[in-house]
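Once you've looked at the hints, dock chain S against the given chain R.
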Amino acid sequence: KAGVTQTPRYLIKTRGQQVTLSCSPISGHRSVSWYQQTPGQGLQFLFEYFSETQRNKGNFPGRFSGRQFSNSRSEMNVSTLELGDSALYLCASSFMESTEAFFGQGTRLTVV
Amino acid sequence: DAKTTQPPSMDCAEGRAANLPCNHSTISGNEYVYWYRQIHSQGPQYIIHGLKNNETNEMASLIITEDRKSSTLILPHATLRDTAVYYCIVRVRTGYSTLTFGKGTMLLVSP
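Here the protein sequences come in this chain order: R and S.
Heads up: the first sequence begins at 1 in our numbering, then just goes up one per residue.
Heads up: the second sequence begins at 1001 in our numbering, then just goes up one per residue.
Simulated from the structure, these hints should not be mistaken for laboratory data.
Some hints could be false.
Here's a subset of chain R near chain S, in silico, CB distances under 10 Å, partners left out [claimed, not checked]: (1) Gly3; (2) Val4; (3) Phe45; (4) Glu48; (5) Phe50; (6) Arg55; (7) Pro61; (8) Gly84; (9) Leu88; (10) Cys91; (11) Ser98; (12) Phe102; (13) Gly106; (14) Arg108.
Glycine included, C-beta positions come from ideal geometry on N, C-alpha and C.
Excised from the complex, chain R in its bound form (with noise of 0.2 Å):
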């Protein structure tokens, strides 16, 4: 069975410009949730989709945003990048709210 894939694995932007990451989840798996892991503050949740809604959404400024679509996979988009946005971004998929999770292995994204 395939794993959870992230693309791009890496990805370099320039500030003010911004970034769509993409995640396709375990076949059969429903729920979709993203989360950025950087040196000073770990890793760190950012919002989780169910069925195409956002089910619930940590503490991270508007710039960024998410979807899922009806195949479950799911977009993670960040606007006017910033140097702090540098991090390795984390999706993992479960196959319903709360089950156990299983990771991608990451983009990691650079702002130069």
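Same frame as chain R, now just chain S:
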């Protein structure tokens, strides 16, 4: 804030059992104990979870004290590939509860 306390680092010799402790003294009756690990620059990997009974799978064993205020993750025969940061997390299994990661324990397995 994370509801768990873990030692920042531990060492283990290859082939020996690694016993990673976690304190969760404020755990609620409907909260489960989850363990994840993260090998450098990879996504976290689910290991095991439990409510109050001891659990075992192909990766590890989870021992939860009777009062549920602490637990121990046991890797029975640690290998170099088990070197990682191990996170102990408590969460409910209903609703849309998130995984709240603390700083975890950096386990270094040495030859």
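Consistency of the hints with the structure:
1. Gly3: Since the shortest Cβ distance to chain S is 9 Å, the answer is holds.
2. Val4: 7 Å, holds
3. Phe45: 4 Å, holds
4. Glu48: 6 Å, holds
5. Phe50: Given a least distance of 7 Å, the restraint on phenylalanine 50(R) holds.
6. Arg55: Since chain S brings a Cβ to about 4 Å from arginine 55(R), closer than 10 Å, the hint holds.
7. Pro61: 18 Å, violated
8. Gly84: 19 Å, violated
9. Leu88: Leucine 88(R) check passes; min Cβ-Cβ to chain S is 7 Å, inside 10 Å.
10. Cys91: Hint holds; cysteine 91(R) Cβ to chain S Cβ min 8 Å, cut 10 Å.
11. Ser98: 5 Å, holds
12. Phe102: 6 Å, holds
13. Gly106: Glycine 106(R) check passes; min Cβ-Cβ to chain S is 5 Å, inside 10 Å.
14. Arg108: At about 8 Å, which falls below the 10 Å cut-off, the nearest Cβ of chain S leaves the hint on arginine 108(R) intact, so it holds.
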